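Based on these hints, arrange chains B and C on the given structure of chain A.
Residue numbers (the working numbering), protein chains in the order written: chain A, 1 to 307; chain B, 1001 to 1332; chain C, 2001 to 2254.
It is worth saying that the hints were derived from the structure and are not from the lab. Quick caveat: nothing in here was measured; it's all calculated off a predicted structure. Cβ coordinates follow ideal geometry from the N, Cα and C atoms, glycine included. Do not take every clue at face value.
Taking lysine-lysine and the DSSO-like style, the derived pairs with C-alpha atoms no more than 30 Å apart in a straight line are [as the list claims (entries may be wrong)]:
#  : chain 1 : residue 1 : chain 2 : residue 2
1  : A       : 59        : B       : 1286
2  : C       : 2081      : A       : 274
3  : B       : 1175      : B       : 1206
4  : A       : 158       : C       : 2027
5  : C       : 2083      : A       : 158
6  : B       : 1176      : B       : 1128
7  : C       : 2081      : A       : 32
8  : C       : 2027      : A       : 89
9  : C       : 2141      : C       : 2083
10 : C       : 2081      : A       : 158
11 : B       : 1007      : A       : 89
12 : A       : 32        : C       : 2141
13 : B       : 1195      : B       : 1206
14 : C       : 2009      : A       : 158
15 : C       : 2027      : B       : 1007
16 : C       : 2083      : A       : 32
17 : C       : 2133      : A       : 279
18 : A       : 59        : A       : 274
Some chain B residues close to chain A (C-beta under 10 Å, calculated; not the full set) [unchecked claim]:
#  : residue
19 : 1017
20 : 1091
21 : 1243
22 : 1247
23 : 1249
24 : 1252
25 : 1273
26 : 1275
27 : 1279
28 : 1280
29 : 1282
30 : 1288
31 : 1291
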Amino acid sequence: MIGLSHNALWVLVSMLMLGTAAGLVGCFAYWKRHSLMSDALAHAALPGVVAGYALLGFKSLPVMLLGAAASALVGALAVSWIRSSSRVKEDAAMGIILSVFFGLGIMLLAIVNRLPGGGQSGLDSFIFGQAAAMVRQDMRLMTAAAAIVLLVVLVSFKEWKLHLFDPAFARGLGLSGRLMDAAYLTLLVVVIVIGIQAVGVILMAALLIIPAVSARYWTNAFGTMLALSALFGGGAGVAGAYVSTLESGWPTGPFIVIAAAGIFLVSFLFGLRKGLLLKAMQRREQMRRLRTRAIRSDKLTEGEALP
Amino acid sequence: MSRSKKKRTIVLTAALLALLPLLAACGSGGGAAATGSDGGEAGGASAAGTGKDGAIHVVTTIAQIAEPLSVIGGDRVRVESLMGPGVDPHLYQASQGDIRKLGSADAVFYNGLHLEANMTRAFDSIGKSRPALAVGETIAQDRLLTDETGAVDPHIWFDIDLWKDALAAAVEELKKLSPDDAAYFEANRRDYFAKLDELKEEAVAKMSSIPEERRVLVTAHDAFGYFGRMLGLEVVGLQGLSTEDEIGLGDIERTIDLLVERRVPAVFVESSINPKSIEAVIEGAKERGLNVRLGGELFSDAMGGAGTEEGTYIGMFRHNVDTIHEALAGEE
Amino acid sequence: MEPVANMKKPEPALQVHGLHAAYRRNKVLEDVTFEAMPGTLTAIVGPNGAGKSTLLKTMLDLHPRLGGEVRFFGTAYRNAKLKVGYVPQRGSVDWDFPTDALDVVLMGLYGRIGWFRRPGRRHREQALEALAKMGMADFAKRQISELSGGQQQRVFLARALVQDADLYLLDEPLAGVDAATERAIMETLKTLRAAGKTVMVVHHDLQTVEDWFDHVLLLNRTVIAHGPTAEVFTPDNLARAYGGWLRRKEPVPR
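Only chain A is shown next, with the shape it has when bound in the complex (with noise of 0.2 Å):
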């Protein structure tokens, strides 16, 4: 990496730590079911960012990550209050609590920026993300953020195992269904919060489902589905976020989210353990054996087609 501006270095290691810490909470959320809830909740934050904004009167970062962790909770609270209480299902209880949050979170906008100072806020850029304008202070917050995630999963990585392959039998041995989930909850709003500001809230979903989905056709292994949905998020963190710095006027975001769907295609097709290309070859194989044995016993001649 020749002749990289500062700037650059703190761009592509924010996205680094992001796309890391992002793959690996979007691991378990592949596992709990819950990838629309990451983006659900992702979408639930704009109300609170804004509302954070608009309570102060003027702009101030902590109070406004605050605002979208707690809004992002609120939505969580919402989709399991829906659930638990009404026949809709979970997929639709998410469903409702995105657009409704991310339509408040709208609406509360365009109350905003008609205010004095509301266009310096900012604000719009946690819709699509500003990953090109990332500082020192931001790549060591998003490096704080993957350190814990890292940290938490590899302490309990067979309490997650557990709890995420047999949650009832988890809470027979004692392991705390509602604190393990309290714990995934908390890594995911965190990762959500510190990441909508890189890559907005549109598509922070997509760092954290991509890679873990990209990841499940490579192993049959927990553990190293895990390191290879770090490593994805991380390295479509990076590349994207070098594409865009080629051009002027290229959008980090969305190039990050090309580079994970790449990874995701290429997975999809040429994966180890389920990608179709083995498929193809395995059937290959397959249709080949069976003919062979057809023809040893006599029930068809070399060159006559299968029935």
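Showing chains B and C alone in chain A's frame:
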């Protein structure tokens, strides 16, 4: 919770949520009963001078048009602008309240040249029932600036001569609406334009006093092209003509390169734009050994608060000139 | 001759008194009361929706209890967790999860390994032993998604065995398994009974109750009857438990 009670709670919450948009619309629009679709005539007659005290009701988009017209029109006009201080006209979306306001005006003035990019439909439909003039589009093409892609730079209010012509076109329209007041408008216009000429002289003098090599103006977006042309400054915007695109790393690096190369002492943020990217430029330059100061906040697409000095066109312009002068001409 | 005073009455392994539970708005368990003694192998039977699974879950605090008391070896569940082994329904987990059979059995030892610690070689050997007991030693490294229904059930039972509990609660372990697996599972349960453990099994197949189980608990929202199979598994009781559900077949005289 019993089932019926739960249902009631859900219905109440849903009703409350549904009410919120109405509250927002009232807040930004003015509380009249909503009848509006685009361009509906919700209360104002189209004949001139039939508002309160017979004053002409003028609605503009940006305050750079509204404030001067309120001075020139005096008590014969009542002027409102849709976009207040701190509002970005490139991204502005008209609300139902705005549409109603436009519908109640006797005349509508806007900048045009794609500044109010999201409002073209509103202007077209309003223009069918009352005068809607794009003051920027009355200027001859060859006097306008374009960027590399051929897009026209809409920020013409920063060239005082161009702006005089644009305002004059609006004043002509006012004269047509109220011929009895033509002489009154003309006299006011002359006085106001005299002040504008003074402003221009003052600005030119101040900018010339900045050493040649320091005459570089770095801001968040390319709003100051005409400013630079009139006053002999080289202008560099982090973003292009419009704030619609996301800022890329390449833009930031290119700007830092320029700063370091020319040893520019200060960069400027704008009142309607998120300063984060300028801050990234400053930090990046610092890493390269150049201590770039934040020279101050400039008014680019919007003006200051109503009732303040910077809330007037002349005051706003002067603020910009002074801020730039102090930052660039001052000791490093 | 043994002094009579020294013979202690055996303590019940499980005591349930007046248990109530609901699912959504329907009462699923109503005033359920029974006791299970050590060294018994009990079948819990009843029509669909009778609350059999819910009974297990409610006893283990996996489902909210609306009333009543449950005692495991004389104390509350949270104090007796190490003594209770639970084998949930096979359909309650996603068998696509990326892990192998040995790993699943190891999960039974997590309580003993301790939080935040890695499983050691000794633990792995114990898990392998349990798999071997269920005839699954060769499948230790096989992905669980590649196992048949019967094999998955055996893995689940191995996981319970490795916990070395005193009371085992199994939820429909014989559902959808092949005959060989059924035999293997029941033989294992009989071995446990012989060792003095208490085993209760939610069972779906009335035809085989008399073959395998020495006690029966007939459940239809409340306890219809409970006791030794020979006494309790009568046509009258079955009729009461199943109401109109049962299409009675005359049992083949042995």
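Comparing the hints with the structure gives:
Under the criterion of a C-alpha separation no larger than 30 Å, the hint pairing residue 59/A with residue 1286/B is consistent with the structure, at around 24 Å. The straight-line distance between the Cα atoms of residue 2081/C and residue 274/A is roughly 39 Å, outside the 30 Å bound, and the hint therefore fails. With a C-alpha separation of about 36 Å, the suggested pair residue 1175/B and residue 1206/B falls outside the 30 Å cut-off, and the hint is violated. Between residue 158/A and residue 2027/C the CA atoms are separated by roughly 37 Å; this puts the pair beyond 30 Å, and the hint is violated.
The straight-line distance between the Cα atoms of residue 2083/C and residue 158/A is roughly 22 Å, inside the 30 Å bound, and the hint therefore holds. As the CA atoms of residue 1176/B and residue 1128/B are separated by approximately 17 Å, the hinted pair is consistent with the 30 Å bound. The hinted pair formed by residue 2081/C and residue 32/A meets the criterion: a straight-line CA distance of about 25 Å does not exceed 30 Å. Distance check on the hinted pair: residue 2027/C and residue 89/A sit about 22 Å apart at the alpha-carbon level, within 30 Å; holds.
Straight-line distance between C-alpha atoms of residue 2141/C and residue 2083/C comes to about 28 Å, which keeps the hinted pair within the 30 Å bound. Between residue 2081/C and residue 158/A the CA atoms are separated by roughly 19 Å; this keeps the pair inside 30 Å, and the hint holds. The suggested pairing of residue 1007/B with residue 89/A holds, with an alpha-carbon distance near 17 Å, which does not exceed 30 Å. Restraint check for residue 32/A and residue 2141/C: the C-alpha separation of about 24 Å stays at or below 30 Å, so the hint holds.
At most 30 Å may separate the alpha-carbon atoms for a hinted pair to count; residue 1195/B and residue 1206/B meet this at roughly 17 Å. Distance check on the hinted pair: residue 2009/C and residue 158/A sit about 42 Å apart at the alpha-carbon level, beyond 30 Å; violated. Between residue 2027/C and residue 1007/B the alpha-carbon distance is near 22 Å, which keeps this suggested pair within the 30 Å criterion. Restraint check: the Cα-Cα separation between residue 2083/C and residue 32/A comes to about 29 Å, which is no more than 30 Å; the hinted pair holds.
About 35 Å separates the Cα atoms of residue 2133/C and residue 279/A, which puts this hinted pair outside 30 Å; it is violated. For a cut-off of 30 Å, the pair hint linking residue 59/A to residue 274/A is broken: about 48 Å separates their Cα positions. The interface hint given for residue 1017/B is met, as the beta carbon of that residue sits about 7 Å from the closest beta carbon of chain A, less than 10 Å. Contact between residue 1091/B and chain A, as hinted, is supported at the beta carbon level, the nearest pair being about 7 Å apart and thus within 10 Å.
Proximity of residue 1243/B to chain A holds as hinted, the smallest CB-CB distance being about 9 Å (cut-off 10 Å). Look at residue 1247/B: its Cβ gets to within about 5 Å of chain A, closer than 10 Å, so that hint holds up. Contact between residue 1249/B and chain A, as hinted, is supported at the beta carbon level, the nearest pair being about 4 Å apart and thus within 10 Å. Evaluation of the residue 1252/B hint against chain A yields a held restraint, the C-beta minimum of about 5 Å falling below 10 Å.
The beta carbon of residue 1273/B comes within 6 Å of a beta carbon in chain A, closer than 10 Å, and the hint placing it at the interface holds. With its C-beta approaching chain A no nearer than about 6 Å, residue 1275/B sits inside the 10 Å limit, and its interface hint holds. Proximity of residue 1279/B to chain A holds as hinted, the smallest CB-CB distance being about 7 Å (cut-off 10 Å). Taking 10 Å as the C-beta contact cut-off toward chain A, the hint placing residue 1280/B at the interface holds, the least distance being around 4 Å.
Nearest Cβ of chain A to the Cβ of residue 1282/B: about 9 Å, under the 10 Å cut. The hint holds. At a threshold of 10 Å, the smallest CB-CB gap from residue 1288/B to chain A is about 7 Å, leaving the interface hint in force. For residue 1291/B, the shortest C-beta to C-beta distance to chain A is roughly 14 Å, which exceeds 10 Å, and the interface hint is violated.
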